[in-house]
Amino acid sequence: MKLTLRVWRQSGPQDKGGMVEYKLDDVSPDASFLEMLDVLNEKLIASGEEPVAFDHDCREGICGMCSLVINGTPHGPERATTTCQLHMRKFKDGEVIDVEPWRAKAFPVVKDLVVDRSAFDRMIQAGGYITAPTGTAPEAHSTPVPKPDADRAFEAAECIGCGACVAACPNGSAALFLGAKVTHLGLMPQGQPERWDRVVSMLDTHDEEGFGGCTNTGECTVACPKGIPLDVIGRLNHDYLKATAGGKKR
Amino acid sequence: MAADDTTNGFYRTGEPIADAKAPAGAIEERWTTRKFEAKQVNPANKRKKKIIIIGTGLAGGSAGATLGEAGYHVQQFCFQDSPRRAHSIAAQGGINAAKNYRNDGDSVYRLFYETVKGGDFRSRESNVYRLADISRQIIDQCVAQGVPFAREYGGLLDNRSFGGTQVSRTFYARGQTGQQLLLGAYQALMRQVDAGNVELFPRHEMLDLIMEDGRARGVVVRNLIDGEVKHYTADAVVLASGGYGNVYFLSTNAMGSNVTASWRAHRHGALFANPCYTQIHPTCIPVSGDHQSKLTLMSESLRNDGRVWVPKKAGDTRRPYDIPEDERDYYLERIYPSFGNLVPRDIASRAAKNVCDEGRGVGPGGLGVYLDFADAIARLGRDKVEAKYGNLFEMYERITGENPYDTPMRIYPAVHYTMGGLWVDYDLESTIPGLFVIGEANFSDHGANRLGASALMQGLADGYFVLPNTINDYIARNSLPPVAETAVSEAEERVRTRIERLLSIDGDRSVDSFHRELGHIMWEYCGMERTEEGLRKALDLIPALREEFWTRVKVTGKGEELNQQLEKAGRVADFFELAELMVIDALHRAESCGGHFRAESQDEDGEAKRDDDNFGYVAAWEWAGEGAQPVLHKEALNFEYVKPTQRSYK
Numbered sequence: 001m002k003l004t005l006r007v008w009r010q011s012g013p014q015d016k017g018g019m020v021e022y023k024l025d026d027v028s029p030d031a032s033f034l035e036m037l038d039v040l041n042e043k044l045i046a047s048g049e050e051p052v053a054f055d056h057d058c059r060e061g062i063c064g065m066c067s068l069v070i071n072g073t074p075h076g077p078e079r080a081t082t083t084c085q086l087h088m089r090k091f092k093d094g095e096v097i098d099v100e101p102w103r104a105k106a107f108p109v110v111k112d113l114v115v116d117r118s119a120f121d122r123m124i125q126a127g128g129y130i131t132a133p134t135g136t137a138p139e140a141h142s143t144p145v146p147k148p149d150a151d152r153a154f155e156a157a158e159c160i161g162c163g164a165c166v167a168a169c170p171n172g173s174a175a176l177f178l179g180a181k182v183t184h185l186g187l188m189p190q191g192q193p194e195r196w197d198r199v200v201s202m203l204d205t206h207d208e209e210g211f212g213g214c215t216n217t218g219e220c221t222v223a224c225p226k227g228i229p230l231d232v233i234g235r236l237n238h239d240y241l242k243a244t245a246g247g248k249k250r
Numbered sequence: 001m002a003a004d005d006t007t008n009g010f011y012r013t014g015e016p017i018a019d020a021k022a023p024a025g026a027i028e029e030r031w032t033t034r035k036f037e038a039k040q041v042n043p044a045n046k047r048k049k050k051i052i053i054i055g056t057g058l059a060g061g062s063a064g065a066t067l068g069e070a071g072y073h074v075q076q077f078c079f080q081d082s083p084r085r086a087h088s089i090a091a092q093g094g095i096n097a098a099k100n101y102r103n104d105g106d107s108v109y110r111l112f113y114e115t116v117k118g119g120d121f122r123s124r125e126s127n128v129y130r131l132a133d134i135s136r137q138i139i140d141q142c143v144a145q146g147v148p149f150a151r152e153y154g155g156l157l158d159n160r161s162f163g164g165t166q167v168s169r170t171f172y173a174r175g176q177t178g179q180q181l182l183l184g185a186y187q188a189l190m191r192q193v194d195a196g197n198v199e200l201f202p203r204h205e206m207l208d209l210i211m212e213d214g215r216a217r218g219v220v221v222r223n224l225i226d227g228e229v230k231h232y233t234a235d236a237v238v239l240a241s242g243g244y245g246n247v248y249f250l251s252t253n254a255m256g257s258n259v260t261a262s263w264r265a266h267r268h269g270a271l272f273a274n275p276c277y278t279q280i281h282p283t284c285i286p287v288s289g290d291h292q293s294k295l296t297l298m299s300e301s302l303r304n305d306g307r308v309w310v311p312k313k314a315g316d317t318r319r320p321y322d323i324p325e326d327e328r329d330y331y332l333e334r335i336y337p338s339f340g341n342l343v344p345r346d347i348a349s350r351a352a353k354n355v356c357d358e359g360r361g362v363g364p365g366g367l368g369v370y371l372d373f374a375d376a377i378a379r380l381g382r383d384k385v386e387a388k389y390g391n392l393f394e395m396y397e398r399i400t401g402e403n404p405y406d407t408p409m410r411i412y413p414a415v416h417y418t419m420g421g422l423w424v425d426y427d428l429e430s431t432i433p434g435l436f437v438i439g440e441a442n443f444s445d446h447g448a449n450r451l452g453a454s455a456l457m458q459g460l461a462d463g464y465f466v467l468p469n470t471i472n473d474y475i476a477r478n479s480l481p482p483v484a485e486t487a488v489s490e491a492e493e494r495v496r497t498r499i500e501r502l503l504s505i506d507g508d509r510s511v512d513s514f515h516r517e518l519g520h521i522m523w524e525y526c527g528m529e530r531t532e533e534g535l536r537k538a539l540d541l542i543p544a545l546r547e548e549f550w551t552r553v554k555v556t557g558k559g560e561e562l563n564q565q566l567e568k569a570g571r572v573a574d575f576f577e578l579a580e581l582m583v584i585d586a587l588h589r590a591e592s593c594g595g596h597f598r599a600e601s602q603d604e605d606g607e608a609k610r611d612d613d614n615f616g617y618v619a620a621w622e623w624a625g626e627g628a629q630p631v632l633h634k635e636a637l638n639f640e641y642v643k644p645t646q647r648s649y650k
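Respectively, the protein sequence lines represent chains A and B.
Residue numbers for the first sequence follow full-length UniProt numbering, so the first one is 1 and each next one is one higher.
Residue numbers for the second sequence follow full-length UniProt numbering, so the first one is 1 and each next one is one higher.
Hint data in this document are derived by calculation from the structure and do not stem from the laboratory.
For glycine and all other residues, C-beta sits at the position ideal for the given N, C-alpha and C.
Each hint should be verified, as a subset may be incorrect.
A few chain A residues facing chain B, derived, Cβ under 10 Å [what the hints assert, rightly or not]:
#1 Ala53
#2 Phe54
#3 Asp112
#4 Ala156
#5 Arg235
#6 Lys242
#7 Thr244
Straight-line C-alpha distance at most 35 Å; calculated DSBU-like pairs for lysine-lysine [stated by the list, open to error]:
#8 Lys249/A - Lys46/B
#9 Lys230/B - Lys16/A
#10 Lys92/A - Lys554/B
All chains should be modelled from the sequences, with the hints used to inform the complete structure.
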């Protein structure tokens with residue numbers, strides 16, 4: 001395959017950055033998108049240019065490290081697929097492909113296509129856990145969980161924290177990420193004691209980190225590589241209202 | 001012939017390792033005894049004690065969360081942008097625990113027995129018993145954290161069986177068990193960060209160890225964002241930095257997984273044990289082309305319902321469903337009737353290689369075998385199969401462009417997990433006092449072969465339950481004065497010099513091109529099947545390629561910025577040194593053992609032949625300096641409870 005790539009290059013956070021065009025001749029349709037970028041980088045190194053910096057690690061679609069806005073869509077054109085699992089057979093020979101970093105106020109660009117997503121960690125620090133010190137936890141079978149709840153909790157827990165939801169959202173909101181965690185923990189009996197404090201504290205941190213408000217446009221679920229459904233945001237809002245207006249929060 | 005004669009000139013033999021510090025007495029009591037004998041640190045004093053942890057996977061994350069909770073001041077480093085991205089997250093299948101929830105005769109003793117046997121009698125009984133015992137507590141702990149394990153309709157936990165076992169003791173969260181367990185540990189760790197007990201340093205890589213008075217007293221790290229080289233000192237250092245399978249270039253490891261932290265410690269005196277023990281996983285998606293950067297594993301749980309076969313006739317290129325039943329060879333069911341498709345990983349991998357070597361492999365290049373779900377779909381219905389394995393099927397389709405509901409999957413073995421690693425005693429302490437090593441980074445409890453669903457178990461056992469008990473004892477027993485300025489500046493200087501050296505070569509070959517070539521040598525000569533001749537050849541090729549690396553590699557950019565080429569170059573430089581040690585270890589071990597098949601050591605059926613009389617030991621290697629022969633220290637393995645027998649799955 002022959003391709004023309006237009007890649008966002010930005011030497012550092014202070015640099016203005018811009019799109020740079022590269023041509024590739026011999027791309028295998030079986031290569032993943034990241035492997036295609038590896039090929040580009042080998043070519044750049046050979047010609048003495050600096051390779052394109054991009055984030056990636058497991059290349060199995062689960063670590064959430066890869067990002068990239070491809071032709072205007074986070075993780076590219078294929079639904080429910082991370083960039084590392086997107087294969088070049090999904091593109092046409094001779095296609096022009098735009099490659100950009102996540103764009104959101106809360107995700108500052110570090111270099112080229114690499115952005116800083118540590119705000120996600122800080123939201124989890126604000127309460128995205130169940131307080132269970134290591135020691136003698138209760139026997140696992142002593143707390144039954146109805147299967148439908150466990151399954152729904154699991155579906156929400158599948159979030160890989162990649163940030164595509166934020167990149168896709170016109171408001172730069174992280175409501176889907178947050179909703180996923182609040183839903184996962186809020187559906188388990190173990191998560192009940194801290195349920196109301198959790199949602200308030202996490203949402204406050206969300207706002208402090210510079211993420212925008214959710215206006216239910218639904219772009220986030222379209223971009224989500226794990227198919228986290230929009231109703232987790234409904235649960236987030238419900239729990240937040242119940243906690244604040246409903247006076248649940250201690 | 002003694003092993004030493006055949007490898008004369010590649011290594012020296014040193015003093016044996018006399019004591020791995022496990023308490024004496026009945027195996028059931030040893031861990032209890034050890035915990036009771038350990039000196040405690042007063043809670044008020046814990047706040048003044050600092051522990052550095054490298055890595056945030058299952059082992060590191062759980063250790064950080066637990067030590068932070070205990071009151072220590074923890075500084076924790078990972079090279080990823082978030083601790084949640086550690087490669088433990090990619091483990092698919094499950095975690096074993098001897099809960100006996102299925103009433104199928106499982107017990108701590110059975111899990112212990114099967115793990116020792118599955119490891120081909122190259123692990124320590126004391127450690128493995130402790131692991132099996134703690135396994136039950138791990139499940140309780142994870143459930144308490146809200147890990148969404150699969151449930152039965154009655155609300156209780158579901159189980160399945162896994163390769164190498166005949167009982168259902170594997171707990172799972174669809175095909176994403178590693179992810180869910182890691183997120184549990186990560187969330188517990190984040191809680192400690194919020195509480196101020198753990199200081200987190202993402203996008204930092206450990207590049208050297210700070211040593212003083214023969215003890216590990218800190219680390220030198222590079223901030224991967226701005227390139228700043230910094231040091232941190234502590235009372236103890238914990239390495240939880242994972243395995244080194246990426247020495248093969250193509251593996252199922254994450255791209256960033258590397259050996260640098262362990263290797264830098266090795267060069268300071270930490271023995272490196274059984275480096276050649278690499279697990280080759282039987283169910284990976286086959287290689288498709290030269291562009292390939294990594295291999296993807298398909299969970300072994302697929303072998304519960306998938307049947308493995310190849311055409312009976314060599315060179316049969318018909319489509320799978322055009323091949324009638326009586327022209328198919330369900331070779332695992334044929335050769336191993338009692339275990340069938342669930343034989344352990346080493347057996348399944350070797351059998352796949354054998355049928356492909358006979359010319360009966362399928363798919364491009366003939367390096368693949370079918371994993372067929374047609375029977376399972378007919379028996380259970382497509383919906384049930386989808387509920388069990390849906391995400392794995394999707395992943396397969398995305399990568400290969402083939403739909404496994406309609407056509408069988410193609411699988412082939414690939415490098416997956418390393419059982420070798422830094423040598424540790426029963427306390428998980430390396431031969432450098434104050435340097436603890438946990439999870440895949442240590443030489444572990446797995447022996448020569450790792451059974452399915454046991455890596456997650458070991459990572460969490462080490463991090464949540466073992467290390468937090470033993471490290472207290474070290475800290476309580478040693479007075480650790482502030483670290484002298486010279487020890488710190490020397491370590492920093494070593495790091496800076498090395499970075500400058502890598503940047504100044506300015507050659508004409510990329511880092512990746514060297515890594516690929518090294519990986520090819522390793523897979524070819526130190527992979528699934530090894531011969532003395534091939535290993536000797538590798539010992540010619542590796543040093544020559546390493547020399548070329550240090551004269552021709554091109555590292556673009558500067559040190560004081562985000563520089564992914566520089567990161568890779570440092571890691572590949574260490575892979576070169578490790579690769580040589582792996583080959584020496586493989587050469588000296590003239591027996592077949594676990595995943596390590598020496599062609600010279602097989603029985604008349606072509607099955608691996610272990611040699612307990614000559615090789616019933618852990619090979620722990622000492623660094624003797626650049627260009628010097630490594631020194632072999634042997635730790636004899638004694639089996640009081642599980643008598644070594646030839647493994648048979650027939």
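Hint by hint, here is what the structure shows:
no.	hint	in the structure
1	Ala53	6 Å, holds
2	Phe54	8 Å, holds
3	Asp112	9 Å, holds
4	Ala156	8 Å, holds
5	Arg235	15 Å, violated
6	Lys242	20 Å, violated
7	Thr244	21 Å, violated
8	Lys249/A - Lys46/B	33 Å, holds
9	Lys230/B - Lys16/A	29 Å, holds
10	Lys92/A - Lys554/B	33 Å, holds
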